[in-house]
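Novice: Below are the chains, spelled out letter by letter.
Number of protein chains: 2
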Amino acid sequence: MLEVECPAVTPEAVLKASGHVDRFTDFMVSDSTTGDCHRADHLLEEALQKLLDDDDAGAAALTPHQREEARELLATVEELTADGLGDALEKYAVKAPETGNSLSRSYAFNLMFKTSIGPRGDQVGYLRPETAQGIFVNFRDLLYYNGNRLPFAAAQIGQSYRNEISPKAGLLRVREFTQAEIEHFCSPEDKSHPKFGTVAGLTPLLFSRELQMGAEKVAKPMSLKEAVSQKVIVNETLAYFIGRTHLFMLAVGIDPARLRFRQHLVHEMAHYAEDCWDAEVHCSYGWIECAGLADRSAFDLTAHAAKSKQDLSFFEKFDEPKTVTRLVAKAKDRKALGIAFKKEAKAVLAALEALDEAGAESVKKALESEGKAKLFIGEKEACGEAAASAATDENTVEVTAEQISVEPFTQKVSGRSIVPSVIEPSFGVGRIIYCAFEHSFYVREEESKGGEKDGGENKKEKTSGDAQRTVFRFAPAVAPVKVTVFPLLNREAMDSKAREIERSLTAAGLATLVDTTSTTVGKRYARTDEIGVPFGITVDGASLEDNTVTLRERDSMKQVRVPIAEVPSVVKALVDGKRDWGSVQGSYPAQAAPAEK
Amino acid sequence: MLEVECPAVTPEAVLKASGHVDRFTDFMVSDSTTGDCHRADHLLEEALQKLLDDDDAGAAALTPHQREEARELLATVEELTADGLGDALEKYAVKAPETGNSLSRSYAFNLMFKTSIGPRGDQVGYLRPETAQGIFVNFRDLLYYNGNRLPFAAAQIGQSYRNEISPKAGLLRVREFTQAEIEHFCSPEDKSHPKFGTVAGLTPLLFSRELQMGAEKVAKPMSLKEAVSQKVIVNETLAYFIGRTHLFMLAVGIDPARLRFRQHLVHEMAHYAEDCWDAEVHCSYGWIECAGLADRSAFDLTAHAAKSKQDLSFFEKFDEPKTVTRLVAKAKDRKALGIAFKKEAKAVLAALEALDEAGAESVKKALESEGKAKLFIGEKEACGEAAASAATDENTVEVTAEQISVEPFTQKVSGRSIVPSVIEPSFGVGRIIYCAFEHSFYVREEESKGGEKDGGENKKEKTSGDAQRTVFRFAPAVAPVKVTVFPLLNREAMDSKAREIERSLTAAGLATLVDTTSTTVGKRYARTDEIGVPFGITVDGASLEDNTVTLRERDSMKQVRVPIAEVPSVVKALVDGKRDWGSVQGSYPAQAAPAEK
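Protein chains in written order, with my numbering: chain A, 1 to 597; chain B, 598 to 1194.
In case anyone wonders, no lab produced these hints; they're calculated from the structure.
Covered stretches of chain B (in silico footprint by chain A; criterion: 3 or more residues with CB under 8 Å from a CB of chain A, positions within the stretch not fixed):
hint: 1; stretch: 604 to 615
hint: 2; stretch: 710 to 719
Below, a sample of chain A positions facing chain B; criterion: calculated Cβ distance under 7 Å:
hint: 3; residue: C37
hint: 4; residue: F109
hint: 5; residue: F113
hint: 6; residue: R120
hint: 7; residue: I165
In this text, all values refer to a predicted model and were calculated from it rather than measured experimentally.
Note that the Cβ used here is the ideal one computed from N, Cα and C, for glycine as well.
Put together the whole structure using the sequences plus the hints.
Specialist: Okay, structure coming up:
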């Protein structure tokens, strides 16, 4: 997979082509007195929900018809236009939250941060609202780097910027966030994936359109192999990325029971999309979209090619050259044509050559029936209907049957140009981190007559007198700190031994903390548990004599005694997932707690 | 070292406090006809240089006085104001480049990209021009994360944005670039560094102020230990980071002979800076500043504390509590004071408490000489002279000797508040990459009767018929791809063996390419040399029989034969710098070239 780093400040033309300048909007209303701004859809949803709740509680007396109407509206808020939202807000007399003031009409607000590029102040730019566009506009170079072969994928990790009307919920809705996007380019006719077999057996919770429309409305586990063969997921490549996303989410600490893949309903999808699935994670804010996986067909490259007039197609070589007959228009006598059209002759020749099958057919018919035909020689700004309506006398010439011919021409062709399809997995990194934090957090009850011991004297391990200890069970792979080193006592010799161990751990590439504070080791364990450090090493009196230390695992709170020289490789193997805690326990003697001398 | 990731879109207040809103400008002139913008200093420098060159060539006839004037101006262009630049451009009749049109007067142009935060459109924001400010405004939290201890450092790597008037020279002057900054916070009175010993013996090329002002004007090697003891570098911490920067530059492939540390001349430094050194690398554009290392004293935290009214000081505990006697002003009778000042009484009490030693002294004197004193009870917007001039009748009250007392008070104090100094190494990542590319690039002449062999038949290794081969000698640590796998022939069995090796290399964390094209292996070697892949593995006929492959090193072009099972660990050790090529050559049999069957 190729990786790119593209600029965040993006010229307007790029985001005009992608549709963001015209359509990347939310609908907003403002408080008529304070000017405070609110999302129109959020206000309407809250108002409708409250009305229905009040009705349930007997505080509102809706007729069955009114109730049904409110329920239907609530289910379709996302589909309303600015006017539709404005009308609904008026109908239900929705006021501004907190102030109770009246609201403006609903209007579209573009979520892109606008700026000006260069010193003249005449070039509009926007901060990118997603990282994907940088990959599309660099498609030609990426294809070249891949040796002009399909399929291939390019990824980008970087900041995206959305001027949210109401940022909220911590990392879940922010104006600046880390996005990770992959654009997988492939033939529109072959969306198989060579590595699909590696994930085909996974059974993520799939919340298909059918299940969403059904009575139960719950996601069900289904193997990806089955999902593809039953056409629940549209193709192998999309299913492959769903599988990889599933594995990734589990690896970073997401609970599989609280992870589902929800298929977009037909009306949720853009017209060009073949299929879309959101990876949703359940947390205290409900089901949160953390990644989106879509088959976007050839939409993006087609849009950029049209706007930039750059060829963003791929030349697909046939296995065997094919014999193709097509209509070819050409000048009967180039010199005569030159005299007839003078300085426009070149444009006329180019226009003849550029005619597609349908164009050549219509010119041929006109020549046969009228002896002449109109030819569009202007810039090829648009095609189809738009081109026809844009044609004026100024950019159209008349050619006659004496000047040109349109005849079938048979040739061997070695391949054809296609615009690749793109399959896009897109990740909101902050949202995934937030959900991983929630799913990794737990509270350990301290048992009054047991728990972790603090030294040989069986003192109870206490957390500042609290009977509860909060822990992050971060997987070693994602824990920001992998190991903490504790000198048991505040003594020079133990400190320097601890620093020596720290250096060897750092040299092994392990992020290491040393806690030399003089608090009890129990409190210090509590402190690293709280920040999710998976392993702890304690240097005690015996360490100074026999060069061994205790190694503690965070969640089991079990300890083993390990020679100092072996510590870096043991911890590294644990962190890299090449060894598990059980195997380490099998190799080294258990120890109840560090020997405090 | 702590690491943070702060937003790029920054509220105006932050960059007002840091001085960027008012002073982060370049001087610009515009073409009176086309409106094109140019850097005023660049145009003046080019014009003066051309004038002097012309004079050298006899094409201009300057008097000795005129010549001296032009030379002096050229040396001091950087110090000119907008008006000074405008006058000089007029004096030397400088015209717009290319068009020859007249120029506007020179004016300041702020280099920050401006935008608007939030939907109301009333909150000005800028894209950060440097990553440092995010660390300063988060200083309190960072100090807390470090256990409220000094010294500590925080780093940030991310995009910075500067709306350059004329971007140029590839990665050297761009509008959006990756910056890596460290802010090392320490006591203003103790700038020693515990790890200084690890770099004290290094002898980078230092281009001190003295050498720059001297006759020779060349940088000389000097040990960092000597530089600190001779006060060439102001303190150990700054010298430590110079040493680490030197090591880093070498590690990424910068030629030590083309790397120097240039000290800022006194007039180049901001008034608050204690000492500044630029890491400069020589490339085809001359000496390029790739990193800046500065002791910025307490400037940044002081500026943010003043503007934000947040306490950004550090409480430094004394080893032993000290006995301190100071003047304390207080109400003789709080109740009487309350009656006298009514609702202002609270502000009066607060003002008494807030008096510093000098303030208390002056109140004491006034009470003794006049029986009354003026007391400023307004908001503490400024101190010193500004406070005195801001005092009006409205925020000043009169207190009498009957109401208050000012007496010496002796107490034990355990420490004091200080604003930490900051030492800042700041790296322009793109510039370093550009210079590393230049320093890593070389052309290998193919010897006509030797060179690298392509197979047992002694065919010459050719690069598309070219006698020269371009190579990037990227250090394995920074090479984007670490190893390429080549199946010698386009056969199913060799391809699948190559894919198997690729998987084992990828599993070892090594970025791997497979080149299955059917070109000669010599051409394929040339291709990986060209993109700087340090190692190549060739699967040949023997590989299918005895499970060994050849391993080739890019720069020596030497090959050894290694069992496939050992390949990942051997290459990994080479890439991690744990083994060198010589040791690998000592362990495995040499091979002239892959055996082509």
